[in-house]
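Sequence order for the protein chains is A and B. The numbering of the first sequence is the numbering used here, which starts it at 1 and goes up by one. The numbering of the second sequence is the numbering used here, which starts it at 1 and goes up by one.
Errors might be hidden in some of the hints.
Unchecked claim - In silico BS3-like pairs for lysine-lysine, Cα to Cα no more than 25 Å straight-line: (1) K49/A to K69/A; (2) K95/B to K58/A; (3) K57/B to K95/B; (4) K11/B to K101/A.
Rather than coming from a laboratory, the hints here were simulated on the basis of the structure. Keep in mind the model is a prediction, meaning the values are calculated, not measured.
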Amino acid sequence: AQSVTQLGSHVSVSEGALVLLRCNYSSSVPPYLFWYVQYPNQGLQLLLKYTTGATLVKGINGFEAEFKKSETSFHLTKPSAHMSDAAEYFCAVTNPNRDDKIIFGKGTRLHILP
Amino acid sequence: DAGITQSPRHKVTETGTPVTLRCHQTENHRYMYWYRQDPGHGLRLIHYSYGVKDTDKGEVSDGYSVSRSKTEDFLLTLESATSSQTSVYFCAITKDSNTEAFFGQGTRLTVV
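With these hints in hand, go ahead and build the complete structure from the sequences.
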């Protein structure tokens with residue numbers, strides 16, 4: 001069975017500082033991994049995804065994530081936080097087995113301090 | 001943006017009444033999902049569908065039923081609403097079971 005754990009339900013960073021949101025997964029096969037963002041009163045939007053190939057994945061709005069198999073991690077980073085990045089972020093995992101569904105983490109709310 | 005429409009967007013209903021939420025897609029995606037989102041619980045899967053008339057239960061299916069008579073529509077029914085079903089409900093679609101999901105805008109349901 002697959003699972004995903006997001007460390008920290010709330011993270012606060014100052015504007016201009018590095019954003020680091022942590023995600024660890026459990027999977028018996030090489031996973032597909034996703035990060036989604038949810039702005040207030042909206043649905044989730046895909047930020048980036050990893051399926052195969054390059055382990056450093058770039059997404060929208062300057063975010064990127066690196067798949068580290070040895071650490072079973074897929075942490076989300078952004079070099080310089082902007083006020084507009086304040087939102088909730090969800091990590092998700094699935095695998096190439098077409099019978100499996102996407103499993104979401106519980107989410108991390110990112111607060112940007114002026 | 002993926003064409004997903006949820007209706008209604010907001011609803012207040014009384015305990016014990018039936019409620020139906022609708023999800024409509026224009027992407028012709030095979031898979032459709034209903035999630036509920038509650039503080040501290042993230043997204044929890046209620047039911048999903050992998051084709052017309054093909055549905056299955058998720059992790060929190062008690063008290064909910066679904067139907068999918070057409071590719072584009074996926075209905076979620078609360079047969080007798082309870083206060084514990086007050087939540088924000090999201091519909092999502094995927095082309096295959098393991099591809100990225102596209103979400104609707106959500107339905108905020110309050111059961112009083």
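Verification of the hints:
1. Taking the CA atoms of K49/A and K69/A, the gap is near 15 Å; set against the 25 Å cutoff, the hint holds.
2. In summary, the hint linking K95/B to K58/A is supported, as the alpha carbons are separated by about 22 Å, within the 25 Å threshold.
3. A distance of roughly 19 Å separates the Cα atoms of K57/B and K95/B; the hinted pair therefore holds under the 25 Å criterion.
4. Restraint check for K11/B and K101/A: the C-alpha separation of about 29 Å exceeds 25 Å, so the hint is violated.
When the structure is compared with the earlier hints, a violation turns up for hint 4 alone.
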